[in-house]
Amino acid sequence: MSPHVHSGDSVSKNMRWVIIAMLPAMLWSFYAFGMGAVIVTAVSVASCVFFEWAINKYILKNDKCTVCDLSAVVTGILLAFNLPSNLPLYIIIIGALFAIGVVKMTFGGLGCNLFNPALAARVFLLISFPVKMTVFPEVGQMTAYADAVTAATPMANLADTSLLDLFLGNVGGSLGEVSALCLLLGLVILLASRTITWHIPVSILVTVFALTGLLHIAYPVEVATPWHHLFGGGLMLGAIFMATDYVTSPMTPKGQLIYGFCIGFLTVAIRVFGAYPEGMSFAILIMNAFVPLINNACKPKRFAKEVKK
Amino acid sequence: MKTFRIGGVHPSENKLSAGKKIEPMALPKQAVFPLSQHIGAPAVPCVAKGDMVKVGTKIADAGGFVSAAIFSSVSGKVAKIDSVIDASGYRKPAIFIDVVGDEWEESIDRSEELVTKCDLKPEEIVAKIKDAGVVGMGGACFPTHVKLTPPPGSKAECVIINAVECEPYLTADHSLMLEKPEQILMGVSLLMKAVNVTVGYIAIENNKPDAIALMTEKAKNFPGIQVVPLKVKYPQGGEKQLIDAVIGRQVPAPPAIPIAVGAVVQNVGTAYAVYEAVIKNKPLFERIVTVTGKSLANPSNFLTRMGTPMSQLIEAAGGMPEDTGKIIGGGPMMGKALLNAEVPICKGSSGVLLMSEKESLRGEEQNCMRCAKCVAACPMGLEPYLLAKLGEYADWERAEKEDIMTCIECGCCTFTCPSNRPLLDWVRLCKNTVGGIIRERNMKK
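From first to last, the protein sequence lines are chains D and V. Numbering-wise (the working numbering), the first sequence opens with residue 1 and increments by one. Numbering-wise (the working numbering), the second sequence opens with residue 1 and increments by one.
By construction, these hints were calculated from the structure, which means they are not laboratory data. Just so we're clear, the structure is a prediction, and the values are computed from it rather than from any experiment.
Derived pair list, reagent style DSSO-like, types lysine-lysine, alpha-carbon separation capped at 30 Å:
1. D/LYS305 to V/LYS2
2. D/LYS305 to V/LYS401
3. D/LYS254 to V/LYS231
4. V/LYS58 to V/LYS180
5. V/LYS445 to D/LYS305
6. V/LYS401 to D/LYS254
7. D/LYS61 to V/LYS389
8. V/LYS358 to D/LYS64
9. V/LYS389 to V/LYS444
10. V/LYS231 to D/LYS13
11. V/LYS389 to D/LYS301
12. D/LYS301 to V/LYS231
13. D/LYS64 to V/LYS389
14. V/LYS2 to D/LYS301
15. D/LYS13 to V/LYS326
16. D/LYS13 to V/LYS15
17. D/LYS301 to V/LYS155
18. V/LYS77 to V/LYS58
19. D/LYS305 to V/LYS231
Sequences are here, hints too, so could you generate the full structure?
So, in structure tokens, the structure goes:
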């Protein structure tokens, strides 16, 4: 049956591009947080891959090599990106088990999960280990791991943090979220390799920038500048690598814009008015749940037909 | 540069036989003419076993208005009226003629002289086209005279000539344009006269700059005809996509036809066949066929008499390569894999493509990861991942609501899917079933 040729694109090719795009932020985390970052990343990736392999082999009794599609590696890196670099090993392993075992594989593996595995695991850990998940080692302790000197996230008093430090990543935080510059570099790689389209990241970033801009004008003391919000916390990481997850984002450009706008809106609402200083993870997870609805509501423009409701 | 607005992909072009001269193919020992070489009613044989025929003798009458007559491409003796497996893979009734010599009907003008004047009235042109059995040469084989007879109440505004040849590998149209530009342009003029319009567009994709230059140069002598270069994108040769690309109008879903937006679309090969039919009294019994493939010694463009078995063309192009896994009638995107190499060349045979066993293998199917690349690729604005799932789950009602019937089966979705999912296979299955349900419902009304 036609077509008899194929583009040569594959799941693993796409995943490989995502991994390449994450490299700048990963290398920065190694530079900023030293040994701790390397250990957390290695353990997270290894346990994600191990759990996917083990569940396939011993529970699902499935011969297919789903580990080969590299999606578990991506989940592992993303999970590590969301963790502090001094996190005890057992917590990382629990996170990986939750991400792969509960969020991904119980729903049927790649493509079937409703929520982003790495993000759901982060929130699971945040609720289960609230203290360990919210203190972050300070930058520049090359050989430290469990004994690293820590401080709270700069998100707690965002307005006092140097904008340049936020942009470059000279601040405490989860492994992968600190350097906006490296993450933007990742975005360029993702767009240039046509792994993702611009709709989701741009709509999130623009929404957050616009809303915090308005709030900053209204409350210049209480609300940090829009630039601080743009470069601070997990916004860049979430907008570029988390919200753009194929599986848990809408299928049409129009749906993606709505999804991005809502994530931006919720993030600002939680950051400015909520109890948590950081709102990105919650915003994305909440919108993950709406994706099937968005897909139903936003059909692509059919040929020669106005979009039907 | 112009192109269509929604979706599309860009497969590797692999035009191996581009720039090769058209070579005449030797006569076959026996020519086979299936009676269904076109869309519509099968033709009805008007010869019997033992009759002697010449090149250009009518051997089957049109079986209705939407049908086309069939002419012998060889001289000789009718051996039998039997059945043959054709390019569709089904066994179809066919006329078999044993070749003796090469004697042509006297009415056919065999001179090479170019004629650019024609005093016939529009209806006389259409009648001559009908009497020559001309059908769309791009592959769909819709009888040309039907397209030139707009239904009451509709009015043609322009003729669009499809010379994009967006299928990878195929170069039949390309080679024809390089060798017979004036004949094609005269054919276009005749088509324009037949539907009474003064505007004609010849749409050529930008990967054929030599054809664009030559046709543009020669078109200066033919008033009203304009060459439109298009950006290379598949499926630009789809009728709806082509009209969108050239005049920026979108033909509504069936039962609407292109005339609804004022367009009459004809293939460039058809324009040439029209020239020969009207000016040279030559019925449609031969065509250019591309024989190609990466392992083939000598990919070529052959001027081939209808009824010649494909195996003869493959022999002439260097013989069947050892590693052949699939023989495809047509191009790799929409062509059909053939059951054997003895399938006869018909009016719609634009190419024969040999793919190696390695190329023929599909990648291992994986879970859909909802990357939406199929949605972005679909030129009809559909959601192939969803339609395929609806097919799997036999949800015909929902599939109809999701506009499955507007699918043109171009294959962009399957081509682009990173998970190697057989999207179009499911969509076809679903579309056929839904189509049957709709027909049944309409009959009850």
